[in-house]
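Undergrad: The primary structure of each chain is shown beneath.
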Amino acid sequence: MKNILEASHINKYFYNAQTQQVLKDVSFTIEHGQFISIVGKSGCGKSTLLYILSTMDTDYEGDLLIDGESMHSKNSNQLARIRNEKIGFVFQFHYLLNEFSVLRNVMIPGLKLGKYPEKELQDRAMDKLKIFGIADQANKKPNQLSGGEKQRVAIARALINDPLIIMGDEPTGNLDKKNSGIVFDLFKQLAQDYKQTMLIVTHDPEFAAGTDRVIEMDDGKIMNNE
Amino acid sequence: MKSNLIFRIAFSLALARWRQTLIAAIGVMFSVTMFVTLLGFMNGLNKMLDGLILNRTPHIRLFNEIKPSEVQPIALVKDYAGYHNFIHSVKPSGGRLEIHNVGAIMNSIKHDNRVLGVAPTIATQVFFSVGAIDINGIINGVDPEIQSDLFFFRDYVIEGNYLDMKTVPNSIILGKTAADLMLVHIGDVVQATSVTGDKIQLKVVGFFQSGIADIDKVQSYTSLATAQKLLGKPNSYITDLQIKLKNLDLAPAVAKEYAQIYQVDAEDIQTVNAQFETGTKIRTLISYVVGITLLIVAGFGIYNILNMLIYEKMDSIAILKATGFSGSDVRRIFISISLSIGIIGALVGLMVGFSLSSLIDQIPFKTSALPSIKTYPVDYNPKFYLIGAGFAVLTTYIAGWMPAQKASKVDPVVIIRGK
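From first to last, the protein sequence lines stand for chains L and S.
At position 84 of the first sequence the residue is numbered 84 (the numbering used here), and the sequence of numbers has no breaks.
At position 400 of the second sequence the residue is numbered 400 (the numbering used here), and the sequence of numbers has no breaks.
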């Protein structure tokens, strides 16, 4: 299978007062269709790793290949384009824009990419919302939705450009048990039915247990890479 | 498509804080309004005040000055050519005040295409006899039509018809102040004594008021023919040629040229009235400074509002950047907010400024000094409107640029991980 993402020998340092190495020679690959979780104690560097893989953090040593392309020589505009086209994000907080309707929130990254005409994009966004069972909320503003619904909208937004990979930073961290169950089932469904590649940082062992592959981290190193 | 998206995001962000946005736009509107009104009003007044003198002053005046002959007879004697001659008690030579060969000179000046027109006049000292006393005065023999065309004479005749002085023989238009002194009314007859001692009866057909008391007390107007009759001179007798040019700035050069060609004395307006230009320039400068200061203050308002908006919408900026908007996209979003505020504010400001100017234009403004002015003068020069709008857009662009730059530098990792 083709490698979607390849991290080789990634080192990362924080420089406050004294230099502290937060990632130590991290190397691994992600293949198409894998549903992966990264687990580890708080402060082990798992989120830091995710933001490096997401191309948002560019201050690191080593190389990162997404879809076979090295991210090293890209400028910020090119990286923004790659995030737009190839990566979908789900964060702990939903980050929906309250000024726009739910449907438009889902559409914004697609409008930015400009691959489909607006009308078609709207249908596609509607389809995503239908998959998640929130099509009836499409014209509401995000602040009228419940926490679980908001997070589902955020996942729909991450999917709008059919990304190579979805990255999640504790996507269920802010949700109660019932809602996090719903969101987890959605991820599972995406993995099984749509073969969507996903890389999710979590500290929830139950969540991790349900994924295809668990990367365990401790003190900036990968301990266990199944 | 893409710029449309950026504009839509900008619009909804601005709308999310519509009260502040509105206040910023009102700030720009108010500045532009004040800018165009202030400059229009100030320039209207400037033009009026300058017109007070400049309208009636010829750009070039040709005349013969009474002065001693520059070449004394002794210098023409060959025997004394190499000598240094001392001559005492030199006096001015006998008065040939008229311009020699005036018809030909006028004709040739009229065909000079720098010249708007030329008015022949005769200026002479007289005494008006009022009872037992004499009042000193100057009679100007003029052609009322030419004088009106070039120097707005018609506007200053406040009573009577200015053309009567040509049609009624031996008639005079007196200065209002002089008429009040002499206690005469239209239809009365005054007696004038010329410098040569000739007396003539003149019928008063009108009064003029220039707005400058010294002029109104001394000057009076009559036709060329009457003036020539008063002096006992033939009808070719002309003492002054008053020339108006198409371009005022050429006056000194043209004056010099004419003095040489026609062998007369020539005086240009810049030399006589140098102070006017200075006053006008300084008044205009002050108006611009005040207007531009207002616009800069409005710019600070926009700067503040955008800064606030950016702090408030940090999350939105972070997610836009995370989902693929580049730094320059974010910058464009905030610059379009600021430019929209600027453009809309400027457009409304221009309209309100125009209305306010028209309103000022309707306010009655009567002063004895300015008989032709009925309301406050306003200048609707499109230049002010262009400068006002242009500067408003420029200020808002600069005011928006700094916060937009800051927004474009927002690091999404810091915002998202900080949660």
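Accuracy of the hints is not assured; some may be wrong.
Claimed, not checked - In silico BS3-like cross-links for lysine-lysine, where the CA-CA straight-line distance does not exceed 25 Å:
| hint | chain 1 | residue 1 | chain 2 | residue 2 |
| --- | --- | --- | --- | --- |
| 1 | S | K406 | L | K74 |
| 2 | S | K78 | S | K166 |
| 3 | L | K74 | S | K409 |
| 4 | S | K166 | L | K86 |
| 5 | S | K203 | S | K166 |
| 6 | S | K244 | S | K256 |
Think of the hints as simulated: they come from the structure by calculation, not from any bench.
Undergrad: Can you list which hints this structure breaks, lowest number first?
TA: 2, 4
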